[in-house]
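Let the hints inform the model, and build the full structure from the sequences given.
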Amino acid sequence: MNKRIAIVGIIIEDSSQNKNVQEILHQYGEFILGRMGIPRVEERMNIISVVVRAEQKDIAALSGKLGNLEKVTAKAIYKQEKKDE
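In the working numbering, each number is its position in the sequence shown, counted from 1, plus 3.
Incorrect hints may appear among the rest.
What the hints assert, rightly or not - The list that follows gives simulated cross-link-like pairs (lysine-lysine, BS3-like), each with its CA atoms no further than 27 Å apart:
no.	residue 1	residue 2
1	Lys78	Lys6
2	Lys85	Lys22
3	Lys74	Lys60
4	Lys6	Lys82
5	Lys6	Lys68
6	Lys22	Lys68
7	Lys60	Lys82
8	Lys22	Lys74
9	Lys85	Lys74
10	Lys68	Lys78
11	Lys22	Lys60
12	Lys6	Lys85
13	Lys85	Lys60
Unchecked claim - Restraint ranges, calculated between C-beta atoms of paired labels, are given here:
no.	residue 1	residue 2	range
14	Lys74	Ile8	23 to 29 Å
15	Asn5	Arg43	32 to 38 Å
16	Pro42	Glu84	32 to 38 Å
17	Lys74	Leu36	23 to 29 Å
18	Met4	Pro42	34 to 40 Å
19	Lys78	Gln25	15 to 21 Å
20	Ile80	Gly32	16 to 22 Å
21	Gly67	Arg38	16 to 22 Å
22	Arg43	Lys6	28 to 34 Å
23	Glu16	Lys85	23 to 29 Å
24	Ser18	Lys82	29 to 35 Å
None of these hints come from the bench; they were simulated from the model.
On a predicted model such as this, the values are computed, not experimentally measured, just so you know.
We put the beta carbon where it would ideally sit given N, CA and C, even for glycine.
Here it is in structure tokens:
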């Protein structure tokens, strides 16, 4: 089991998707180390950053499920692996 640290950046451009995003994040709650949400009311969007520690396949699945929602963008940024890891 090779767990990695990553930040998943999420931009929600339609507030009707907030509940769906929350449900997906809840499904992956065991991997979440922390999160920060920034509401941008005047721009009608929400920005969320989520720090996770999980296997790469789980991080990719989380990011993929979020990114498949309409008007939601999600990208994962991974901590670089050391050569001896």
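For each hint, the structure was consulted:
1. Between lysine 78 and lysine 6 the CA atoms are separated by roughly 18 Å; this keeps the pair inside 27 Å, and the hint holds.
2. For the given pair, lysine 85 sits about 37 Å from lysine 22 by alpha-carbon distance, which is inconsistent with the 27 Å threshold.
3. This hinted pair checks out: lysine 74 and lysine 60 have alpha carbons roughly 23 Å apart, not beyond 27 Å.
4. A threshold of 27 Å between alpha carbons decides the hint, and for lysine 6 with lysine 82 the separation of about 11 Å falls inside it, so the pair holds.
5. The suggested pairing of lysine 6 with lysine 68 holds, with an alpha-carbon distance near 19 Å, which does not exceed 27 Å.
6. Taken as a hint, the lysine 22 and lysine 68 pair is honoured in the structure, with Cα atoms around 14 Å apart against an allowance of 27 Å.
7. At roughly 15 Å between alpha-carbon atoms, lysine 60 and lysine 82 fall within 27 Å of each other, so this suggested pair holds.
8. Of the supplied pair hints, the one linking lysine 22 and lysine 74 holds, its CA atoms being roughly 13 Å apart against a limit of 27 Å.
9. With a C-alpha separation of about 35 Å, the suggested pairing of lysine 85 with lysine 74 is violated against the 27 Å cut-off.
10. Annotation: proposed proximity of lysine 68 to lysine 78 holds, straight-line Cα distance about 11 Å (limit 27 Å).
11. Distance check on the hinted pair: lysine 22 and lysine 60 sit about 24 Å apart at the alpha-carbon level, within 27 Å; holds.
12. Pair hint lysine 6 plus lysine 85 holds up; C-alpha atoms about 13 Å apart against a cutoff of 27 Å.
13. Only pairs whose Cα atoms come within 27 Å are accepted, and lysine 85 paired with lysine 60 is accepted, the gap being roughly 19 Å.
14. At roughly 28 Å, the beta-carbon separation of lysine 74 and isoleucine 8 lies within the given 23 to 29 Å, and the hint holds.
15. Evaluation of the 32 to 38 Å hint for asparagine 5 and arginine 43 yields a pass: the beta carbon distance comes to about 36 Å.
16. At roughly 34 Å, the beta-carbon separation of proline 42 and glutamate 84 lies within the given 32 to 38 Å, and the hint holds.
17. For the hinted restraint 23 to 29 Å between lysine 74 and leucine 36, the CB-CB distance of approximately 26 Å keeps it satisfied.
18. Distance hint for methionine 4 and proline 42: a CB-CB separation of about 36 Å, consistent with the stated range 34 to 40 Å.
19. For lysine 78 and glutamine 25, the hinted distance range of 15 to 21 Å is satisfied, since their beta carbons lie about 19 Å from each other.
20. Distance hint check for isoleucine 80 and glycine 32: the Cβ-Cβ separation is about 20 Å, which falls inside the suggested range of 16 to 22 Å.
21. Checked against the hint of 16 to 22 Å, the pair glycine 67 and arginine 38 passes, with Cβ atoms roughly 18 Å apart.
22. Arginine 43 and lysine 6 have their C-beta atoms about 32 Å apart, which keeps the hinted 28 to 34 Å range intact.
23. Evaluation of the 23 to 29 Å hint for glutamate 16 and lysine 85 yields a failure: the beta carbon distance comes to about 37 Å.
24. In this structure the hint that serine 18 and lysine 82 lie 29 to 35 Å apart at CB holds, the actual value being about 31 Å.
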